[in-house]
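From first to last, the protein sequence lines are chains A and B.
The first sequence begins at 1 in full-length UniProt numbering and counts up by one.
The second sequence begins at 1 in full-length UniProt numbering and counts up by one.
Heads up, a few of these hints could be off.
Said to hold, decoys possible - Cross-link-like lysine-lysine pairs, in silico, DSS-like; alpha carbons within 27 angstroms at most:
(1) B:Lys82 with A:Lys108
(2) A:Lys174 with A:Lys116
(3) A:Lys70 with A:Lys105
(4) A:Lys70 with B:Lys113
(5) A:Lys60 with B:Lys135
(6) A:Lys113 with A:Lys174
(7) B:Lys210 with A:Lys105
(8) B:Lys82 with B:Lys135
(9) A:Lys70 with B:Lys82
(10) A:Lys60 with A:Lys209
(11) B:Lys111 with A:Lys70
(12) A:Lys70 with A:Lys60
(13) A:Lys108 with B:Lys113
Honestly, the hints are just simulated from the structure, not real lab data.
These numbers come from a predicted model, not from an experiment.
Letter by letter, the chains look like this.
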Amino acid sequence: MLLEVSNINTFYDVFQAVFNVSLTVDTGEVVCLLGRNGAGKTTTLSSIMGLNSPRSGSIKFKEREIAGNKPFQIARTGIRMVPENRLIFSDLTVRENLELGCRNKSGKYRSEKIDKILDLFPRLEGLQYRAAGDLSGGEQQMVTIGRSLMGDPELLLLDELSVGLAPIVIELFKRQIGRLREEKITILLTEQNVLFALDISDRAYVIDKGTIVYEGNVEQLRENKRLMSEFLGV
Amino acid sequence: MDATGKSKWIVGLAAAVLLIAFPLIIERLTSQYYLYLTVKIMIWALFATSFNLVLGYGGMMSFGHAAFYGAGAYCCALLLVKTACPVWAAALAGPAFAAAIGLVIGYFSVKIKGVFYFATLTLAFSQLFYILVFKWRSLTLGDDGIQGIPVPECISTLESYTNYYYFALVVTAICFYILRRIVQSPFGLILNTLRENAERSTFIGVNAQKHRLIAFVISAFFSGIAGVLLVFLETSLSPDVLKWSNSGEVILMGLLGGMHVFLGPTLGAAIMVLLNSFVTSYSEYWGLCLGLTLVLIVLFFPQGVGGLVHERLEARAKRKTA
Numbered sequence: 001m002l003l004e005v006s007n008i009n010t011f012y013d014v015f016q017a018v019f020n021v022s023l024t025v026d027t028g029e030v031v032c033l034l035g036r037n038g039a040g041k042t043t044t045l046s047s048i049m050g051l052n053s054p055r056s057g058s059i060k061f062k063e064r065e066i067a068g069n070k071p072f073q074i075a076r077t078g079i080r081m082v083p084e085n086r087l088i089f090s091d092l093t094v095r096e097n098l099e100l101g102c103r104n105k106s107g108k109y110r111s112e113k114i115d116k117i118l119d120l121f122p123r124l125e126g127l128q129y130r131a132a133g134d135l136s137g138g139e140q141q142m143v144t145i146g147r148s149l150m151g152d153p154e155l156l157l158l159d160e161l162s163v164g165l166a167p168i169v170i171e172l173f174k175r176q177i178g179r180l181r182e183e184k185i186t187i188l189l190t191e192q193n194v195l196f197a198l199d200i201s202d203r204a205y206v207i208d209k210g211t212i213v214y215e216g217n218v219e220q221l222r223e224n225k226r227l228m229s230e231f232l233g234v
Numbered sequence: 001m002d003a004t005g006k007s008k009w010i011v012g013l014a015a016a017v018l019l020i021a022f023p024l025i026i027e028r029l030t031s032q033y034y035l036y037l038t039v040k041i042m043i044w045a046l047f048a049t050s051f052n053l054v055l056g057y058g059g060m061m062s063f064g065h066a067a068f069y070g071a072g073a074y075c076c077a078l079l080l081v082k083t084a085c086p087v088w089a090a091a092l093a094g095p096a097f098a099a100a101i102g103l104v105i106g107y108f109s110v111k112i113k114g115v116f117y118f119a120t121l122t123l124a125f126s127q128l129f130y131i132l133v134f135k136w137r138s139l140t141l142g143d144d145g146i147q148g149i150p151v152p153e154c155i156s157t158l159e160s161y162t163n164y165y166y167f168a169l170v171v172t173a174i175c176f177y178i179l180r181r182i183v184q185s186p187f188g189l190i191l192n193t194l195r196e197n198a199e200r201s202t203f204i205g206v207n208a209q210k211h212r213l214i215a216f217v218i219s220a221f222f223s224g225i226a227g228v229l230l231v232f233l234e235t236s237l238s239p240d241v242l243k244w245s246n247s248g249e250v251i252l253m254g255l256l257g258g259m260h261v262f263l264g265p266t267l268g269a270a271i272m273v274l275l276n277s278f279v280t281s282y283s284e285y286w287g288l289c290l291g292l293t294l295v296l297i298v299l300f301f302p303q304g305v306g307g308l309v310h311e312r313l314e315a316r317a318k319r320k321t322a
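Pulled out of the complex, with its shape left as it was, chain A reads as follows (with noise of 0.2 angstroms):
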């Protein structure tokens, strides 16, 4: 199991957010984990990245205990989270923020890696000596991904990733997460938009008041009309 995840525990100061969380993710999986707003989703990709680490709990990735470490140090193991806010650099260009994912290497190696996330985001061509800070949400979220995917990552983490966006862009992402998976890119994603999670996913968790109450197959998930008008207002 490359991700996994067993009884995590979270706070905001005494406010608990994630109550007994468990969740696994494989190789090569896309999984999602869908609630309602406020439900604990962010509160547990933050708990796997090291933002708010949970007080209680394993997080083990690759085998290895990673609960406690710093986010910097989580990156470093090949996880790569996505906000919700775009954390783009909007001072740099384009082409700065994406040499970032990958800084350490030769300037021909990430001259090569740039070519290839820009053949995933032909849009982002012809914007790459642009301020970041001047481009739209859309691009904004491609440049983000981009950087991510620049250092390699085993494990991507996307946060709410249509939020704000047009549905032809969320169309357009739809696509590209579908070659990432080709590309054998384990991905966890939190979504409130739950069909386009549904989507492109190969499992789904469903989570309220912080904690998982379903756990299965995206298809078993799609037919449950009750938990899907309950616990996901569809």
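Take the given structure of chain A and dock chain B to it, following the hints.
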């Protein structure tokens, strides 16, 4: 090579020729005082540019950089006056000592979150260092300062500033080349991200504290070199070199010239040194004049003079491409 690259080369070459020929021009046209002023500009430019690595690139508002400038100067001067240390060794020991002080101050300061606390802590450390030098008379000679620091004859300023000008020019040029390479490297790119948002950079595996500390130590090292150049120029030294006002002046130089342009602080240093020399020869209201200049710059060119020039050049290049 494209047109922009070509014009950059031409401007660089013209600047190099002008700088090399400058003492000859000065000797024919006017007094050696202007050569002295130019060396002072170089020293301040080096100090301000190394400081800008911390503020302009790394986003760390240090209010205590005079400590490194002074540490480099005092270490070199004391070794030359109190020991039989060779000049080259003293000149190297200065920046090394400044870097060591930078490591100690930086170790505690980079852990602090928030611009205000960072500025306060660096100011406190630098004032501590100032008081130490001021009070420790047996070692530093306190407020009497150190006089008659021996300087090799080949760069002595007793008869002419020409040799020292070339020495300072070579040292400054080498330091600028290294600093330029640093800010253009992936490390420099990371410094930019830390200025923008340190937390974001952790998502790509950046150890923000470590990078900040490295930048702080590098900056202290080059500030120390500026301090050593000052010692060789003045051949005397007083604790004034460690005063907080010197830390403030490099911030003002960055503001005047532009903190986000590599040569911005150099421009700021030139403006401040020349303005100071001009104003103080006619009036005692140097502070008033500086204040007014700063207000005008901040109100009308918040990106600094260098930033403004850079913007104009970029806009022109874009128009040409279009």
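- prompt: Is the Cα-Cα distance between A:Lys70 and A:Lys60 27 angstroms or less?
  reply: Within the cut-off at roughly 14 angstroms; holds.
**Message:** Between the alpha carbons of A:Lys70 and A:Lys105, is the straight-line distance 27 angstroms or under?
**Reply:** Given pair A:Lys70, A:Lys105 holds - Cα atoms ~23 angstroms apart, limit 27 angstroms.
### Message
With the threshold set at 27 angstroms, check whether the alpha-carbon distance from A:Lys70 to B:Lys82 stays at or below it.
### Response
48 angstroms, violated
Take a quick look at whether A:Lys113 and A:Lys174 sit within 27 angstroms of each other, Cα to Cα.
-> 22 angstroms, holds
Please verify whether B:Lys111 and A:Lys70 have alpha carbons no more than 27 angstroms apart. Holds, because 14 angstroms separates the two Cα atoms, which is no more than 27 angstroms.
Check whether the Cα positions of A:Lys60 and B:Lys135 lie no farther apart than 27 angstroms.
Given pair A:Lys60, B:Lys135 is violated - Cα atoms ~57 angstroms apart, limit 27 angstroms.
**OP:** For the pair supplied as a hint, A:Lys174 and A:Lys116, confirm whether the alpha-carbon distance does not exceed 27 angstroms.
**Re:** 18 angstroms, holds
Given pair status - A:Lys105, B:Lys210, alpha carbons within 27 angstroms | Since the Cα atoms of B:Lys210 and A:Lys105 sit roughly 19 angstroms apart, the hinted pair holds (cutoff 27 angstroms).
(message) For B:Lys82 and A:Lys108, compute the direct alpha-carbon distance and say whether it is at most 27 angstroms.
(response) Distance ~52 angstroms between B:Lys82 and A:Lys108 Cα, so the pair is violated.
27 angstroms Cα cutoff - pair B:Lys82, B:Lys135:
18 angstroms, holds
message: Hinted pair, alpha-carbon criterion (27 angstroms max): A:Lys60, A:Lys209. Please report holds or violated.
response: 24 angstroms, holds
Taking 27 angstroms as the top limit, are the C-alpha atoms of A:Lys108 and B:Lys113 close enough? Violated: A:Lys108 and B:Lys113 sit about 36 angstroms apart, past 27 angstroms.
Of the numbered hints stated above, those contradicted by the structure are hints 1, 5, 9, 13, listed in ascending order.
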